Amino acid sequence: MQVKKLTISAYTENVVGLLNQITLVFTRRHLNIDSLNVSETERKGISRFTIALTTTEAMANKVVQQLNKIIEVIHAEYHEDSNLIYNQIALYKVSISDAKKVQSLDSIVRQNGATILSQTEEYTVIQNIGHRRILEAFLTILQDYGETEFVRSGRVALTTDGIRLNELLPAEEEAHLS
Amino acid sequence: MEFKSNTTMEKESLTSTAKDVYHQPTAQKFKEVETISGAEAIVRCLIEEGVDVLFGYPGGAIMPVYDELYKYQDQLNHILVRHEQGAGHAAQGYARITRRPGVSIVTSGPGATNLVTPLGDALMDSTPIVCISGQVPAHLLGTDAFQETDVIGVTTAVTKWNYQITKASEIPEVFAKAFYIANSGRPGPVMIDITKNAQFEELEWKGYQPNPVVRSYKPKPAVKMNRIEEAAELLNSAERPFMLVGHGVLISKAQEEVMSLMEKAGIPAACTLQGLSAVPKEHPMYMGMLGMHGNYGPNLLSSECDVLLAVGMRFDDRVTGVASTYATQAKVIHIEIDPSEIDKIIPTTVAVNADAKEALQALLPLIKTNTHDDWVARFKACEIEEYEKVIGPDLFANTEGMKMPEVIKCLSDLTKGEAIIVPDVGQHQMAAGRYYEYTSTDGWVTSGGLGTMGFAMPAALGCAFAAPDRDVVAIIGDGCFQMCIQELGTISQTKLPVKMIILNNSFLGMVRQWQELFFDRRYSFTELQNPDFITIAKGYGIDGKTVKERANLEQALQDMLDHEGPYVLELIVEKEHNVFPMVPAGCGASEMRLE
Chain A
1 MQVKKLTISA
11 YTENVVGLLN
21 QITLVFTRRH
31 LNIDSLNVSE
41 TERKGISRFT
51 IALTTTEAMA
61 NKVVQQLNKI
71 IEVIHAEYHE
81 DSNLIYNQIA
91 LYKVSISDAK
101 KVQSLDSIVR
111 QNGATILSQT
121 EEYTVIQNIG
131 HRRILEAFLT
141 ILQDYGETEF
151 VRSGRVALTT
161 DGIRLNELLP
171 AEEEAHLS
Chain B
1 MEFKSNTTME
11 KESLTSTAKD
21 VYHQPTAQKF
31 KEVETISGAE
41 AIVRCLIEEG
51 VDVLFGYPGG
61 AIMPVYDELY
71 KYQDQLNHIL
81 VRHEQGAGHA
91 AQGYARITRR
101 PGVSIVTSGP
111 GATNLVTPLG
121 DALMDSTPIV
131 CISGQVPAHL
141 LGTDAFQETD
151 VIGVTTAVTK
161 WNYQITKASE
171 IPEVFAKAFY
181 IANSGRPGPV
191 MIDITKNAQF
201 EELEWKGYQP
211 NPVVRSYKPK
221 PAVKMNRIEE
231 AAELLNSAER
241 PFMLVGHGVL
251 ISKAQEEVMS
261 LMEKAGIPAA
271 CTLQGLSAVP
281 KEHPMYMGML
291 GMHGNYGPNL
301 LSSECDVLLA
311 VGMRFDDRVT
321 GVASTYATQA
331 KVIHIEIDPS
341 EIDKIIPTTV
351 AVNADAKEAL
361 QALLPLIKTN
371 THDDWVARFK
381 ACEIEEYEKV
391 IGPDLFANTE
401 GMKMPEVIKC
411 LSDLTKGEAI
421 IVPDVGQHQM
431 AAGRYYEYTS
441 TDGWVTSGGL
451 GTMGFAMPAA
461 LGCAFAAPDR
471 DVVAIIGDGC
481 FQMCIQELGT
491 ISQTKLPVKM
501 IILNNSFLGM
511 VRQWQELFFD
521 RRYSFTELQN
531 PDFITIAKGY
541 GIDGKTVKER
551 ANLEQALQDM
561 LDHEGPYVLE
571 LIVEKEHNVF
581 PMVPAGCGAS
591 EMRLE
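Sequence lines, in order, name chains A and B.
With our numbering, the residue at position 115 of the first sequence is 115, and numbering never jumps.
With our numbering, the residue at position 284 of the second sequence is 284, and numbering never jumps.
What the hints contain is simulated information worked out from the structure, not anything from laboratory work.
Source: prediction; values computed, not measured.
Do not rely on the hints blindly, as some may be mistaken.
Reference excerpt, derived from the structure (chain B facing chain A, CB under 8 Å, subset only) [said to hold, decoys possible]:
1. GLY153
2. TRP161
3. ILE181
4. ARG215
5. SER216
6. TYR217
7. LYS344
The beta-carbon is built from N, C-alpha and C at its ideal position, and this holds for glycine as well.
Construct all of the structure, not just a fragment, from the sequences and the given hints.
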């Protein structure tokens with residue numbers, strides 16, 4: 001079966017130790033995660049895991065089943081890129097002091113839709129948002145200007161067809177319970 | 001045919017275990033808001049959950065709870081084991097017979113890590129246990145304090161759920177959740193780690209609410225009728241249907257439904273290792289045991305059935321052999337409560353994600369009365385072939401030494417198939433599975449998934465607490481006996497009539513068999529120099545006897561069964577007897593070898 005880029009999206013309770021439980025599902029199957037992002041959702045106390053990995057659909061399906069088995073996982077599912085709206089954020093710290101070069105850097109930043117977050121005599125910190133390939137291509141450009149420190153976030157994604165939190169845990173029911 | 005229904009048995013065992021040690025909690029006493037210690041709250045939670053016996057071992061970090069156990073001795077029967085692993089397995093044995101969570105309680109650090117094997121075992125074999133470990137005070141967490149282990153970190157991979165309590169106020173809610181999770185859906189082990197400060201702290205006891213709502217956990221999926229209809233259609237049009245009966249049938253108490261389906265639809269059925277005793281052995285549509293050392297027909301004909309109905313089982317690799325070749329010709333109906341088991345190993349045609357009993361109850365009215373005489377005859381033919389080549393020679397041996405199968409058959413006859421058999425792991429386990437002729441359900445407790453040597457002795461003790469009215473016989477190899485041998489002390493102290501048969505071949509028999517068959521008889525570290533087991537038993541105050549001759553077997557077994565209190569019967573068996581038939585590693589189930 002064909003290996004492809006897949007993104008797992010999971011709604012979970014926000015509890016201590018859950019990250020460990022989730023990563024164990026991958027570790028046990030010797031699967032490497034491409035990127036991982038955890039954040040709170042629109043509902044207080046509920047987190048959303050976005051896990052990008054490269055694997056077969058059959059494996060992604062098994063992983064999702066195992067994730068759903070974790071008590072504190074409310075719902076997990078996987079998606080192909082075509083059903084996602086996604087982005088990553090990257091920060092670049094370029095060591096550069098030559099004034100001429102700095103000027104040219106500024107224009108490259110503008111052309112690429114990036115933003116300068118901080119600038120000193122020794123370095124410039126730039127932020128860019130986009131898909132992984134774009135962020136990496138931008139790194140190559142910046143490296144021509146000087147030594148570049150680079151960090152990229154995990155993928156954040158919203159699905160076009162995925163199940164919504166309100167379908168899983170209707171807000172009215174929640175209010176009734178609490 | 002005497003085949004006790006589960007409900008009657010449960011009632012019997014409940015009343016008899018409770019009679020001396022357990023009073024129902026006086027709800028009134030607990031209703032008012034009182035201020036009590038966390039330790040006392042823990043004990044009250046256990047009582048509220050109907051726990052009547054718990055297996056444990058004290059130590060520094062759990063001492064406040066032990067002080068409360070001292071106080072509540074008239075309501076909670078604490079059994080002091082000799083090693084925490086024994087506490088876990090005893091809780092498992094108890095849970096497997098009562099179908100209620102078994103409980104063990106240990107201290108921090110080594111106490112908790114010694115529970116890892118029973119937790120892993122209970123996870124693989126869907127056994128509800130709740131394990132409680134003490135922990136260093138919250139302010140010392142992460143400081144490498146004395147007897148500190150990251151219990152949550154260590155047990156996450158081997159539990160259905162775990163939780164660390166650091167505040168006394170969390171206790172009632174977490175315990176209610178723990179018991180609920182352990183025994184709902186697909187049962188499993190739960191670990192609760194409690195810091196010592198939470199045991200000392202006080203809380204307001206406002207009563208106890210069992211079975212809380214856990215919004216992220218939906219243990220019992222509703223039966224989808226369209227799936228049931230599809231399944232019925234497949235079964236009604238099948239020419240060569242075959243049913244696989246797993247542990248889930250015992251857990252959901254669906255034995256009657258399974259038998260009704262076998263009879264109505266004329267479906268031959270076989271049990272997995274953990275499904276044994278779900279169907280009595282003499283049932284005309286029962287074809288035997290699945291698995292690497294199961295019966296010939298159920299393995300061979302897996303590649304010929306046209307509809308395969310799997311109920312409450314998970315297609316373990318010991319059942320399928322090479323999974324990619326297993327029953328590929330068949331349409332597969334999989335009734336299973338755990339959705340992650342569906343399509344995990346064998347792709348299904350119709351997936352029924354539901355409780356086995358509920359699904360079968362919905363299915364039965366849609367099933368047409370049918371027979372498949374020619375197909376059933378194929379199984380019978382396999383049975384004859386297996387009898388000629390394996391069973392006959394196994395049971396009527398002319399060898400000098402006894403063989404394991406004839407011991408099991410003799411035990412089966414003497415106990416009329418009604419005993420609870422608790423085999424350990426290895427050749428003796430396979431002999432017990434193959435040759436004990438069940439007439440009563442819930443008669444089989446063994447470590448199947450994890451294959452834990454040393455399981456049987458403590459598990460049998462748990463079974464004895466769960467069913468004091470039944471014979472409990474542990475069948476143990478000479479290797480296994482020495483893995484939890486210290487629990488002889490626990491058994492002796494409880495005086496419960498746990499009967500232990502050592503099938504002694506002075507070898508780690510199953511490994512030796514593989515060495516003989518697949519490693520050119522290079523017996524690498526499998527021969528044992530054994531102690532005098534009976535002297536050891538007697539040292540613990542347990543009576544016993546060694547028997548070498550076939551002629552004395554029956555009398556020795558009868559004496560063991562008649563003996564009041566625990567007993568160790570050591571039987572010297574053939575050193576190099578092999579368990580057949582066998583599906584060799586790397587082969588499909590239908591490639592089973594009879595010799």
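Now the hints, each set against the structure:
Because the smallest distance between the Cβ of B:GLY153 and any Cβ of chain A comes to about 7 Å, under 8 Å, the interface hint for this residue holds. Hint on B:TRP161 holds. Least Cβ distance to chain A is approximately 5 Å, under the 8 Å limit. Restraint check, B:ILE181 versus chain A: the minimum CB separation of about 6 Å is within 8 Å; hint holds. Evaluation of the B:ARG215 hint against chain A yields a held restraint, the C-beta minimum of about 6 Å falling below 8 Å.
Hint status for B:SER216: holds, given a least beta-carbon distance of 4 Å to chain A, under 8 Å. With a least beta-carbon distance of about 5 Å to chain A, the hint placing B:TYR217 at the interface is held under the 8 Å criterion. Evaluation of the B:LYS344 hint against chain A yields a held restraint, the C-beta minimum of about 6 Å falling below 8 Å.
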